[in-house]
Structure formats: structure tokens, C-alpha cells
Amino acid sequence: MIRNIAILIANDLAIAFKNKTLYLVLFIPLFVFVVLQLVDGNRLDAQKIKIGLIEHAQYTPALLQSLRSADRVFTISWFTDQADAQRWLKEKNGDGVLIPSAGQADSFTLIVLAKASFQTLAIVEGVSELQRMLEGKSKSWISEIRSLQEDGIQQQMLPTWILMLVLLVGFIVLPAQVAEEKEKKLLLGLLQTPISEVEWLLAKVALGMILIAVAAALLQLMAGVDFDLVSGWSYFAFLMIGGFCFSAFGILVGFLCQTQASARTLGVLFYLPHLLPSALSDFSQELTKVAPLIPSYPFYEPVKSILLEGAGLFEFPVQWLALFGIGVFTLFVSHRLMKKRWLM
Amino acid sequence: MQLEVDRLCKIYKGTRGLRATDFTVEKGELIAVVGHNGAGKSTLLKMIAGWLVPDNGRVRVDGIDLGDRRALVRKIGFVPETPNLFDFFSVEYNLVLFGRLFQVASSRIEETLQEFNLLPFRHSKVQTLSKGLKQRVSIARSLLADAPLLLLDEPTSGLDFEMTREIYLSLGKIHASGKTILFTSHRPEEIKSLATRIMVLHQGSLVFDGQPSEYFTSNIHQTLYS
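Going down the list, the protein sequences come from chains A and B.
Read in this note's numbering, the first sequence has 259 at position 259, and its numbers run on one by one without any break.
Read in this note's numbering, the second sequence has 68 at position 68, and its numbers run on one by one without any break.
Just chain A, same shape as in the assembly (with noise of 0.2 Å):
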């Protein structure tokens, strides 16, 4: 009995080798090894917290002598204008901006992308632990904390899930679908009739487009949310073009498997690296600097600067292209494939 469950096991693990499944085991715990070294943890600490000052702004001196002693902590950046300081904060520049509050002297309200941020945390703590030292207790500098980005968590949310989405239809619907049309011989079967490749790639790729849509649709009617008419289109613009992108990707990585099994998995190899770069970049400044090397920001920068701050369609030319441009390259490897019976 026992040399026939041994001799089931090895047989198993076999056919784990072959679908790849064992990759996943290998891959996932080296992959969340490599994206926990890039959270910053206690780097934090060493990284000096960049602030935005208003030259004609009125700062008290104290506050203003205090941030320039602690120049190993802060580091002052000064703006003519507020406009512009809010600029230098939405091109993540820099990680706040202190502005005098109305009718209220020695008190400031802190500008910042988002309050539910490492960077806010910092520049609040920051900013009390100098007060502290040079007041001892008394009512806080910062009297306010005014986000640009739209508040509420679910808000906040919104553009992970979105991605998250995009990349389920992209990586784990498309190739699993790809390769059982291939693996039971019925993409063959298909191109015995009048289609042509290009057909038969578009159909799919419309398919992931559509499967996006309805989904974001429906997330977006679940969670609420609201649009301009200017934030929708531009919305719905990235939306197809992520969808686009991502959908080209995934019939890609479809076409280099020759089983649904080894399609999951290679999926999964796809999915974690593309999603969790990204949606975890507000929460580290390393993997800030990571992210745009992988396909998937160009498509969540966009869309949560779309939901979150207003921001419009125009204002990411380059993104646009660098999804129109993956899918159309992905879409023309998977052509030369099909036209060779690659693994079919």
C-alpha cells in the first residue's frame, strides 16, 4: 500500500513538474521574498521626508528654524505659489506641503497625496518630535490634514481593485481559455474554416475587453461611485486600453503553454509580479522606483490619478502609448506563433 501511494506521489509530482505547478511553489515565496526587501521597513527611517514651503506664505520662525536644524530629517523645498506646490506633490516629488491655516497663527494645515500614507505618518510625527523638543507640550503645529486625493477607503481602493481585475481577465481567464482551445485541438478546428489569424486574435481580444468592462461596470455600480463626464471617458479610455494591453498579454501567455494546467500556473507567474508592484507602490518609495519597469503601471498610475484626483486622459500620452504598444506586440508574437502551429 505504501509503495503505491509513493509510487502516486512521485507520479503526481511528475505531472506538477510538467504543468509547471511547481514553478508556482518556488516562484511565490521567492517573489514575496524580493517585494518585501523592496518595502522600505526600516529604511523608512534613514529616507529624509521632502516638504514644500510658500515663499510669501507666513511660517513662524520657530517652526521654520526648527525644520532647517533637522536637515538630516527634512528636506524644505519653496514654492511661489501654492498651485505649484500642490504640482511638485501630484508629481510625487515630494511627500507634503505645509501652508499657513486661515485665521490662525502658529497653526499649519499639511497637504499631502493621501492621508492614509507612510509619507503623512512621518512628516506628522516629524513635525511634533521637533515641536516637542523645542516647546515641550503645546496645541500641535499641524492643525489639519487636507489629502488631494479623494478620502474614504473604499475611494482609495478603487484603482486596485480595478487593476486587479484587468490583470484576473488578462493573466488567469485569457490563457487558460487559450490553451484549452488549443489543447483540445478546437483552434485547429476553427482555422479549417474561412477565419484568419488576425480574426481569431482580435475575437479574443475583444472578448477580454468586453469580460473588463462588465466587471468594472459592475465593481463600479457595487462601490458607488460617481463621475464627471470628463473623469468617465478618460476613465473608460484607460480602461479599454489597459484592457486591450492586458487581454493581448494574456493570449500571449496562453499560446506559450500547450495545457490549461501549465496556463493557470504560468498565469499566476504573470499576475503576482504585475499586480503587487504596483498597488503596493504608495506604500514604498523602493517599489515607487520599481513599478514603471512593469507593464501593468502605466495603466494604475493613470487610473488612479483618474479616480482619485480628477486627472484627464490627455494628461498621460506616453502611458497610453506604452499599453497600445505592448498590445500590439504581444498580439503580433502570438500571430507569428499561431501561423507556425507553435505547440499546438
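Think of the hints as simulated: they come from the structure by calculation, not from any bench.
Certain hints may be false.
As the list claims (entries may be wrong) - Covered, in the sense of this in silico footprint (three residues per stretch, anywhere, with C-beta under 8 Å from a C-beta of chain B), are these stretches of chain A:
#1 178–187
#2 327–334
Claimed, not checked - Computed Cβ-Cβ distance ranges for the label pairs, DEER-style:
#3 A:V328 x B:V96: 44 to 50 Å
#4 A:F236 x B:T128: 40 to 46 Å
#5 A:D12 x B:K192: 42 to 48 Å
#6 A:L36 x B:R122: 54 to 60 Å
#7 B:F88 x A:F236: 28 to 34 Å
Please read these numbers as outputs of a predicted model, since none were measured by experiment.
For each residue, glycine too, the CB sits at the ideal point set by N, CA and C.
Once you have looked at the hints, place chain B on chain A.
For chain B alone, kept in the frame of chain A given last:
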């Protein structure tokens, strides 16, 4: 209809496959391609059907080259060894889907269902059918566009005696309607009375091409199947 195969070749990993092969098929022939497993029979048919890309050589049907796949698919119907039907859908769905892609009239679907005795199964999911019935659906589908050349890869593989006989009767009827047929088999005795011509493949090479009467009295049959 004329099929021309010229220096067609496909080699897998150095040994198996099909070495450069030439032959011509004329309208109305019913050709059995026989040989042991791995002789290159399926490789030959799959290349003609466009399922495999040849290493070398060319195939033309009525002057249309293999490269012009979209024109060629109207000339060739291919039935693979394992039916590649959308088995989670009904028989009718499978026929309608391919009928639409070939842009045939909907009346053609009804005719085909009737012709292949599939009317009682039209709403049955393919996955619930026996292998013989699936094979029948597969043949029906391949003839939807009225292709003059029908290729069948081991059409009776895995079928019992009764089903095998039924498939061969179908092939006889299709042949009588004026179609040209090329099918593979590794059991030559079965096709003795059916084929008008026999081609024998052995280790990737065409070693015999002639009349059944010549083949069954030749040394090749004795050598390969005794």
C-alpha cells in the same frame, strides 16, 4: 479536383515524421494510407490540412497552394483522429457555428443533420455522445462547405466492429457522391473492399502506391503485416 503533393517533408527530432514525399490524387479516388504507428500517415494528412507546417515541399489543391489557407479550407474537409468538437455544446450548435463561418445557408445544416442521421441528436451535448457518433458529427461538420476533398485520420480508431462498419458505409456513400477521399488506417484488411488505391508509408517513406489488388499480393504487405 486534383491534389498535388510535391517533396512534402516534416521531421520530428531527427528521425520520425515524413520524408520528402510526392504523389498526385485525381478526382473521385478513395485512397487508404496505411502503415504502422509512427509511419508518417497522420503527419501527411495534417500537413495537407494545414494543421502542421511542413519543413519543406508544397501541396496544391486545384492549383491553390497551402499558403492560401482561407481559399484552401473550402477545398479540404479534415476529420482528425480525436473529434475536435465543442463538446460542451450541442450537435446543432457545432454545425451552426461552422456553417456560419463558412457562410452556408441554414437549410444546409438541416440537410447535413438528415444526411448523417443526426436529427435525433441535434440537441444533445457532444460530450454525451458515443465516440462513433462524435466521429459522425465530425465528418458531417467537415463536409458542411461541400469540400471536394475529404481527409480522415484513423476514422475507425477506437471504434467497435459495428461502428467501424457504419463509418466505412458512410465513406462509401460520400465517395459515391463524387468526393475524393484520403484516409489513414493501420489495419489494411479492413479497407480491402473500400479503397480504390492504397499508399503505404513505412518509417516516413512512401514504399507502395497502387491498386489494392496489387498491394495484397505484394511482398510489402507480407513484410509489414505478417
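The hints, checked one at a time:
{"no.": "1", "hint": "178–187", "verdict": "holds (count 3)"}
{"no.": "2", "hint": "327–334", "verdict": "violated (count 0)"}
{"no.": "3", "hint": "A:V328 x B:V96: 44 to 50 Å", "verdict": "violated, 33 Å"}
{"no.": "4", "hint": "A:F236 x B:T128: 40 to 46 Å", "verdict": "holds, 43 Å"}
{"no.": "5", "hint": "A:D12 x B:K192: 42 to 48 Å", "verdict": "holds, 46 Å"}
{"no.": "6", "hint": "A:L36 x B:R122: 54 to 60 Å", "verdict": "holds, 58 Å"}
{"no.": "7", "hint": "B:F88 x A:F236: 28 to 34 Å", "verdict": "holds, 33 Å"}
When held up to the earlier numbered hints, the structure conflicts with 2, 3 and fits the remainder.
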